[in-house]
Amino acid sequence: MSPAGIAQAVPQGVEYVRILPEIVLSVSGMVIMVLDPLVDERGSQKLLGLIGLIGSVAAIAATLYQSQYPGLGFWGMVKVDAFSTFFHALVTAIAAVVILSSYEYMEVQRIRAGEYYGLILFGAVGMCLMSSAVELVLIFIALEISSISTYVLAGFRRRAAISSEASLKYFLLGSFATAFFLYGVALMFGATGSTSIAVIGEALRSNRIPVLAYAGVAFMFVGLGFKVAAAPFHVWTPDVYEGAPAPVVGFMSTAPKAAAFAVLLRVMFEANAPGRLGLIWVTAALSMTLGNVGALVQQNVKRLLAYSSIAHAGYLLVAFAALPNNGIPAAMFYTASYAAMNVGAFAVVSHLAGAGERFVTLDDYAGLGRRSPLLAATLTIFLLSLIGIPMTGGFFAKFYVFSAALQANLIGLTIIGVLNSAVGAYYYLRIIVMMYMREAREEVPAAIPVSPALGVALALSVAATLYLGLLPGKILAYASRSAAELLR
Amino acid sequence: MNLHPMDLDRWSPIILTLVTFIPLAGALLLLLLPRRHRDIRVFSLVVTLLTFVLSLHLPVHFHRAALAGFQYEFDRSWIPTPNIHYHMGVDGISMWLVVLTTFLTPLCVLISWKSIDERVKEFFIILLVLETALIGVFVSLDLFLFYFFWEATLIPMALLIGMYGHGRKVYAAVKFFLYTMIASVFMLAAILWLYAKVGTFDFVTIQNAIRSGQVAGFTSAAQWLFLGFFVAFAVKVPLFPFHTWLPDAHVEAPTAGSVLLAGVLLKMGTYGMLRFNLGLFPDQARANAWWVMILALIGIVYGALVALVQPNMKKLIAYTSVSHLGFVVLGIFSFTQAGLDGATFVMLAHGVSTGALFMLAGALYERRHNYDISEFGGLATSMPVYASFFLFIVLASVGLPLLNGFVGEFLVLSGAFQARAVYGILGATGVIWSAGYLLWMYQRVFFGKITHPVNERLPDLDLREQIALLPAAAAALVMGVAPLLWLNAIDPAVQTALAPFAELASKVVGQ
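Here the protein sequences line up with chains A and B, keeping their order.
Just so we're aligned: the first sequence equals residues 4 to 491 in my numbering.
Just so we're aligned: the second sequence equals residues -13 to 497 in my numbering.
The following block holds chain B by itself, in its conformation from the complex (with noise of 0.2 Å):
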């Protein structure tokens, strides 16, 4: 390792506190800014560039040969009683989460620069508490902590969509609100049952007391808990069939709550299945493994059928979420080194190219106000910086070789061809799919002559847009070229996982 071990002691235990709250801590600051829209705009960018930087530290100096255990760590007394730490740390999973988030938010930053002009204040303040929240749910090893901050991401998510969306925002806020919080109410009840018979709500201490058979009771209780826990990150995903408040909340959020939406607050379903549904509950999780991997067949299968249909460019992408995140299911569900890698992987790509995807559609909606793909035809020739942009993250989503989508794609199939060949075979059709919604949608809107006379004149991406898109691409690319620089990092994560699962783990094949 390339580092100073000076370094490392002194900013390692901290590091995780600051990246969290640093967001929090500048909304607390913007608080006391004149409302000057552009000093808020430049305020918000900086703190959140900060933050990024700063995230950075984790994958510098994360020791990849490490095996076992969390990175990072820090744990102090918050609550005396119930028995609550304040304990954080990361793993090669959660860190590369945590980078994705803080990588999107400058992006978002940028993005809403012109589109916000209204209630700008607020609307940053809102985007960096929700930093800090999403940040917060990947690096919680409590699980009090963890449902802290969980809950926490809903306030500014629905305020969000509700303050600065359009069309039925208020509806789409509600539901959103609704849906995930009385999901994650089943999962307090099954926090508060471990921590009244283990007396910690730590992770790791939890972990290794249904490991070791301490905890009174588990066996007859563990398929409830398991539910509990599934059931609050089913809907988060979503998971068919708890799906349907997805399409509205994308539909009028504004961009930026579609990119962080989509980017990362899905993602907390998926960790949360791989952290605690895999990891406390192995047993159960290989038991209900069969219906969960037809849910997210189905998903797969039926996001991208719907997909294919949509009038609506917006509603189109928040459908292939659903596909894609069927995957990510799948690969954690197939209890396979290729499997989880290729899970995890593919939540850090769908971050990056369905970011972008909305923050491209996102840029056609201030010029037209409108996502109706019959709108447009040939902007081809009058956007072609546009197109070009839009052509290349289409290509990463459906997952063509040296782009982002391959890799996870490739390792989550056959990591389910070798759960079930069945498995594979029908997500292999997903990735068909995919091709299908997202190059026809493309050839509609790009392709041809143009059908709108005002779509003559729409100007191109100017230089900001451009300053945002430009990271999301360059970003698709590497991980497309050197996936190994993420996965060398996931790799041991995803083993420590595994553990319970020796023999359906030892099927491993290499990447």
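Okay, chain A solo, but in the shape it has when bound (with noise of 0.2 Å):
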């Protein structure tokens, strides 16, 4: 179907080197669902999470082997680049570590099912794939695979009303949205003749760019603006995370979010997708505005973090809003850093919530500097990165994204976003205040020790965000080199 550039009709070996890493998940993760009913049901936990964490480091491993072969494969359908080697290392890391965190939170949970990790795996798949699909009919598969492992996840707490609610939820506004995207795919071929974002991109740097072209980009914008929660599109966000199980949430937080603005890069910047710039502008004021002031009366801590998420959301819009060189970038190491925080955060959540996830309201925070000073100064750091405080990754995301916003001139956005950092500070701060300034409540249990897989997942997030706070500038360059081979 796209003309140029296919000589032969068979994919060649290297081919498939450029989609090892979702190989190697696709593989693990069917070892496990074939594995599942095989072995015995009380030790499947911890087989089957190993197995998913063998996958997952394996396919970041084979990331990095892939990223020495770049070029395109089947069919101009995928690109490995800089680019996608990033969200491929990042979404491969973002699943080992959430994995680890997992172990703990479906023993207490009581949760005996080992396709959880399989689904895992499947959902990396699809993320992995959105970052280096460049053809949007394989970038719509690729969401669907990567959504419908989520809608499972999220449902993953079967005796849990809250928790089938949040499935059900996520489930039906989630198709909402793909379709629209799926529509805005279909305008965007009805308005340049090809799904490819290669020819795309070279059909709309030409001057007279079709009104089918400005409906198509706004309709996938729809779509791809669910998958990362942001305004208006967010009012699914805070009911599936209440109700998802915690490291899900973690999970679906980070992760595909950061698939989804994977898509958005390639869409807006090297397909010249036209008139973004105010679509983004609208869309990352109003996140962040409604997301700060959404959290700030939230009594439950998921809750608060779901709202939290749709601010951060529109922080890294407002990178889409600058200039491509410099915008790029600072998006790439935003959803680097906020996923290193968010994880950690919500692994944080997840040990504390408890058997049936009883634990998870502000209230039951109280305290927690004296009861568990480790898990508590560990937390803290993490909201400290969410405010953005010196030293911690989230302060040089928001920094890179609002210095390159100011060189491109978009003074009003600046300063809607730096007023919002400073709501963002309170409610933040009130969940420190809680843990080390007010004394526990009676009900809550002492706290239980923090088992070594949990504890590693922990001790990886922190050491990220505190290496993305203090030295940021590998990371950072590497965007940039990523960045310029896109824009070429």
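Please keep in mind that the hints were generated in silico from the structure rather than gathered at the bench.
Values in this document were obtained by computation on a predicted structure and should not be read as measured data.
Each hint should be verified, as a subset may be incorrect.
Straight-line alpha carbon distances no greater than 20 Å define the calculated SDA-like cross-link-like pairs of lysine to any residue that follow [to be verified]:
id : chain 1 : residue 1 : chain 2 : residue 2
1  : B       : K183      : A       : N328
2  : B       : K183      : A       : I418
3  : B       : K183      : A       : A411
4  : A       : K477      : B       : T67
5  : A       : K477      : B       : K183
6  : B       : K183      : A       : L326
7  : B       : K161      : A       : L299
8  : B       : K183      : A       : Q410
Computed list of chain A residues with no C-beta within reach of chain B, every gap over 10 Å [what the hints assert, rightly or not]:
id : residue
9  : S29
10 : E44
11 : Y68
12 : V111
13 : T181
14 : A189
15 : S197
16 : V214
17 : A218
18 : W239
19 : G357
20 : D366
21 : G372
22 : P455
23 : E488
Chain A stretches covered by chain B per the calculated footprint, using a threshold of three residues with CB under 8 Å from any CB of chain B [as the list claims (entries may be wrong)]:
id : region
24 : 387 to 401
25 : 406 to 420
26 : 424 to 433
27 : 467 to 479
All C-beta atoms in this analysis are idealised placements derived from N, C-alpha and C, irrespective of residue type, glycine included.
With the hints in hand, could you dock these two chains into one complex?
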């Protein structure tokens, strides 16, 4: 269908390398699915989780290996470049850390279902593919793979009605949103005669941009805006985050978001999407404001972090309004540091939630600084990073985004953003205040020790948050390089 | 100079890094220490004393003759994009503020020895982290690094107030955090603007670029940039009308928190005005000086009047800070040699004497768990040593000649007179007020008959408390008798700072 550049009909060996991480993840996921009914139910947790962990770590290795073979593959549908490598590494790393932090949680919740780990890997397949796909139909398929896995994961606390509600709500609204995306793809095809991002980009570079293309961009934006929980497509977020299992929220608030942002970056910049500035300006301003204002009044920590994730989607979108040569690296850096701090924060939340997730309100965090000082300190680091205090990844994330916006003369948007971060400081601070400055309530049980796997997950998240806060140079340089490659 | 060149070569480039980060290293080691309270206290004392001794390297080897520029500089690239350097260095002004910080922290450790008996380990970790951040603020020559440390002081201070304070401690901690954090966002915006235009965060480079007129669009933005920095500093000082967080924070904070808050944190604001508002935007500083000085004068008089009627001893001392820091701002914006010399000296003197006043108030609180002045009276009979320490510090604070308060206030007022006589006259009333509120408070607490029987058997200062207070009292005396020891390093730095204000600075009256 797409004409140039496809000499041969049969994919060659190197082209399989270009989807190697996806292959590794799929195979590990299938192994888990096949083994699940065979192994003893009591021991299945550990074994299948271990396979999941190995699979995701192997996928990181595959990503590194793959990065030596940049180029197109499969009839120009996937493209390995620095950009895709970045998001592959990010998504697989998130999957690994989330699997680590799920062991203890699944044990405490008495959820004995090995396919949980399989679903995380399948979700990761979709998300990886989203970042390397350069053809809109494939992007749609990848989006569906990632979404369907997360729909199921959201409903994994089967005994809790709230979890099923979350799953159903997410599924219904999510399908609606992906339909929008597909409609946008169809309109784009109508406008430019192709679904390949490169061809679309070429077509839209000309002076006469068809009106249909504007509609196509808008529809695709709606679909992706839903996935990243940007206002006004955010209404599902608090309910779903509240109902879904805590480690899953850690996963779905970071990895699919990162992937959707990757798609958005490709569509907006590589495909020269017309009329993006106005769309993004409004969405970014709305997300930041609604997210932060909504979070102010929350009593449930998961809901609070849900509104915070809406706000962070807003900050991230500011980077999309900036000039591509510093907006793209800023956005990439932001996804990475947001992933580090949010996965970490949800790992702590899932540890504290207890059986049946009974302890997820702000009051339950009272006196945590006394009960388990180390855990409280860890959560404090994540929260400070979410506020954007120097020394943490969150600071440089905001810093790069806002300085990119300033360089693009987006003064109004920057002011909105900066004021919003000041508002945001308040509600994150409430959690810190709770932990250190209030006495614990009676009914909260004594602290249970952190399991080794969760400890490793937390240590990794803290290390990543601090690394990005103290030595952001390397990651940013890599992101800049891949942005330059993308724009060439 | 009586130093071996070898010494200087070996230590000078790293001395600031050492002084800054030894407390942090101590805090990390403290994490590993078992929770035995005594060990933790002794260890913290050793770390802070070591930092103090090392920081003495700075004044000892300081080139007082050198007119321009910073000393003990160290400059390495830290983050390539954006172009952030790990650039440290001090001049005669910031050097003394570093020493003030390292001087007060061991005293804070001593004064918290007994009063902190819960979550002891966390307390000293927070205290040490705070020390690193405070020193970092004064030694940073990279605007980004400066902002980094500036924000880093917030969290430990808020935790000190919120975790170890009393009364409405959480309210006070959150108020403190939000006030100063929101204000410093404006400074960050100004810093980012400068970076976007100059391409570096380096203070000296930016300063040169501005002075040589190489910054595009500077003239139209300068007023906003000035205000961006100014708001952040004015809240910290705190300048009237941004002072409302201060009484809350002080009253609820633990003693060590109050000492560092009044002694050092507030000086971050005035130091920032001196370094950045004057250093980067001299023209705007002059254009805005009239209203800044009026605010400073309002602060002096208002702070004093409010202090006069405070029933709470600690709140009274807190309001004296509003008044005294008004002097500092007045001196800075007089743009005279005497005014700036005096402002710097008041910063140091106020740090020592108000720090000591808070320690004394804290000692009383430990005994009675009360700060109400009306609860006391006649303490001079039951606590004679305490009463004499208190009197000495009160006299230093009101500006008795030969004690530290006098020198700074005199210089500031003579600078203010040179700028405009009416400023000097109004400012001088502040000296009278301060004598009024402090001596009246002293009279009510210490003289007369003991009105409450509990006060008859209050134990006097013990050895530890005396050891904590003695250095402060000694410093107050030495600074008053031999101010030149300090001023001969401050003077050249002030001359450099005043270089863009040539025609004003020419009206110097020497000290």
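Results for each hint:
1. B:K183 / A:N328: Within the cut-off at roughly 17 Å; holds.
2. B:K183 / A:I418: 18 Å, holds
3. B:K183 / A:A411: 13 Å, holds
4. A:K477 / B:T67: It holds: about 9 Å lies between the C-alpha atoms, which stays within 20 Å.
5. A:K477 / B:K183: 24 Å, violated
6. B:K183 / A:L326: 17 Å, holds
7. B:K161 / A:L299: Answer holds: K161 (chain B) to L299 (chain A) is near 16 Å, not above 20 Å.
8. B:K183 / A:Q410: 9 Å, holds
9. S29: 37 Å, holds
10. E44: 41 Å, holds
11. Y68: The claim stands: Y68 (chain A) keeps its Cβ more than 10 Å from every Cβ of chain B (closest is about 28 Å).
12. V111: 28 Å, holds
13. T181: 36 Å, holds
14. A189: 40 Å, holds
15. S197: 35 Å, holds
16. V214: 36 Å, holds
17. A218: 36 Å, holds
18. W239: W239 (chain A) clear of chain B: closest Cβ-Cβ about 31 Å, beyond 10 Å.
19. G357: Holds, because the least Cβ-Cβ distance between G357 (chain A) and chain B comes to about 24 Å, which exceeds 10 Å.
20. D366: Label holds. Min Cβ-Cβ 14 Å, cutoff 10 Å.
21. G372: 7 Å, violated
22. P455: 20 Å, holds
23. E488: 17 Å, holds
24. 387 to 401: Per the Cβ count (4), the hint holds.
25. 406 to 420: It holds: at least three residues are needed, and the region 406 to 420 of chain A offers 4 whose Cβ sits within less than 8 Å of chain B.
26. 424 to 433: Coverage by chain B holds for the region 424 to 433 of chain A (5 residues, Cβ < 8 Å).
27. 467 to 479: n = 4 at 8 Å, threshold three: holds.
Going down the numbered hints, you'll see the structure goes against 5 and 21, while the others check out.
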